[in-house]
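Chemist: Below are the chains, spelled out letter by letter.
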Amino acid sequence: MRSGSNLEKILESGAFAVTGELGPPKSADAEVIKRKAAILKGYVDAVNITDNQTAIVRMSSIASGAILVQLGLEPVIQMTCRDRNRIAMQSDLLGAYALGARNLLCLTGDHQVFGNHPQAKNVFDLDSIQLLQMMRAMRDEKKFQCGEDIALEPRFFLGAAENPFADPFEFRALRLAKKVRAGADFIQTQIIYNVPKFAEWMKMVRELGLNQQVKILAGVSPLKSPAVARYMRDKVPGMDVPDEIVERMERAPKEERRAQGIQICVDVINQVREIQGVAGVHIMAVEWEEAVPEVTQKAGLLPRPTL
Amino acid sequence: MIIAQQKPLEEIKGLLANYQSVLIAGCGTCVTVCFAGGEKEVGILASSLRMAFQVDGDPKDIREATVQRQCEWEYIEAIAEQVQQVDAVLSLACGIGVQTMAERFRGKRLLPGLNTAFLGYPVEQGIWKENCAACGNCVLDKTGGICPIARCSKSLLNGPCGGSHDGKCEISDDVECAWDQIYQRLKELGLLDNMLEIMPAKDWSTGRAGGPKRIVREDLRP
Chain U
1 MRSGSNLEKI
11 LESGAFAVTG
21 ELGPPKSADA
31 EVIKRKAAIL
41 KGYVDAVNIT
51 DNQTAIVRMS
61 SIASGAILVQ
71 LGLEPVIQMT
81 CRDRNRIAMQ
91 SDLLGAYALG
101 ARNLLCLTGD
111 HQVFGNHPQA
121 KNVFDLDSIQ
131 LLQMMRAMRD
141 EKKFQCGEDI
151 ALEPRFFLGA
161 AENPFADPFE
171 FRALRLAKKV
181 RAGADFIQTQ
191 IIYNVPKFAE
201 WMKMVRELGL
211 NQQVKILAGV
221 SPLKSPAVAR
231 YMRDKVPGMD
241 VPDEIVERME
251 RAPKEERRAQ
261 GIQICVDVIN
271 QVREIQGVAG
281 VHIMAVEWEE
291 AVPEVTQKAG
301 LLPRPTL
Chain V
1 MIIAQQKPLE
11 EIKGLLANYQ
21 SVLIAGCGTC
31 VTVCFAGGEK
41 EVGILASSLR
51 MAFQVDGDPK
61 DIREATVQRQ
71 CEWEYIEAIA
81 EQVQQVDAVL
91 SLACGIGVQT
101 MAERFRGKRL
111 LPGLNTAFLG
121 YPVEQGIWKE
131 NCAACGNCVL
141 DKTGGICPIA
151 RCSKSLLNGP
161 CGGSHDGKCE
171 ISDDVECAWD
181 QIYQRLKELG
191 LLDNMLEIMP
201 AKDWSTGRAG
211 GPKRIVREDL
221 RP
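Those protein sequences? They're chains U and V, same order as listed.
Residues 1 to 307 (our numbering) make up the first sequence, in order.
Residues 1 to 222 (our numbering) make up the second sequence, in order.
No wet-lab data here; the hints were simulated from the structure.
Every residue, glycine too, gets a C-beta built ideally from N, C-alpha and C.
One thing to keep in mind: the hints can contain errors.
[Unchecked claim] The following label-pair restraints were derived from C-beta to C-beta distances:
no., chain 1, residue 1, chain 2, residue 2, range
1, U, Ile87, V, Glu10, 54 to 64 Å
2, V, Ala52, U, Ala227, 42 to 52 Å
3, U, Asp267, V, Gly145, 39 to 49 Å
Kindly produce the complete structure, drawing on both the sequences and the hints.
Modeler: So, in structure tokens, the structure goes:
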């Protein structure tokens, strides 16, 4: 065991893992975290805590994660390279470990131009691959990035993201290989609506033997409305929403749209489960945490194993 | 070269409000080539300012001069006398020229008429592109001659990130994805293996992060 986290144990056991996602509030209100955590508890194996997602200021992922630990729910701390240099990252992650966090997702981070402080100076001292290298060296070699020894090392189960729908497509599996070489233990993918394209990417992943070296969790998300589907299709860089999915949302009567969104999500889960090398799903229902119990129940992912 | 842009006329007027006589000083090198602060731009700006202050009922004595390079002592010496005769100098050089002038003409008010934008080149008529970040540790050998520090919005060394789409950057469809370009260029060169190499954490101390830089060449010292 690298970290001994629940997520690591479940993935190592060979069980199909389920992770969720929780967006911290744009305030200092701990009750928001507690309310969302109560919805997710028992339905997922671990919960990603976003790190100022889309560069909008929110409660810190580490502080929110510490609240989750107190509630008996396992966090996956997300950390982006946008806002911290290597000094701050190592310091914050020593603290996160001391507070009980055991899973870490290493991300490059959205550019600040998308957020609510577009005039901010970004950092990008490291990129996500270099962040993985740093955290693996801290764990396995007990060394800081500078090479100095660490008395008690932070032992994180290390994750990374990969977007099978970004360009150049033929390089995406090879880039995943770089993340695996840099230290990724698990991968959470971009949200999947185009299952055939994801399957094509997974084929390349298997050809490189990467599914033997890293646990791949397929990213899914229930759509709330046809407008959201259209927005994701037309406006979000790196998202691939086929017209057929948008049309399914549009055809549903207004009062059944949310149910349709959940059904599409369940369908995607059922399809990706059949693809060789998929070790679990990552359900991103940010600001719609209530959907997770229904999605997991309908997809036959309950009860969650206790190890 | 250094690419710069003239400040808005209103801002320049504000800078000059308290001075009666002003020398507009152009520079004959980079900012001439990028049409921001050469002899021609000095002339146009001087005429505009004369007219604008006249209309405001505050006519000023606006003079003009252009030197070959404002960033070298021997060239700015040529206008020393003209500088002494005015209340302030509006420099149409890059920030380097403004500072060299301010250092040489201590006690004289030196004002910037341009915003220095970046190190780059003219891609085509009227379009300039940034392509060097002066990081002090060049990696262009690994990236097929395309700089990820200057050209990637996140200065990634192991791109492209998940926001790369159709050759564009996630921040705007007007911005090309540098890592997509690097990928295509390395492919053309038969060097795609470079893309598989993990570039380690960069030593930023050779650039801005290391504090103000200075080069001393003992072989050239007197």
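Chemist: Enumerate the violated hints, using their earlier numbering and listing them in ascending order.
Modeler: Hint 1 alone not satisfied by this model.
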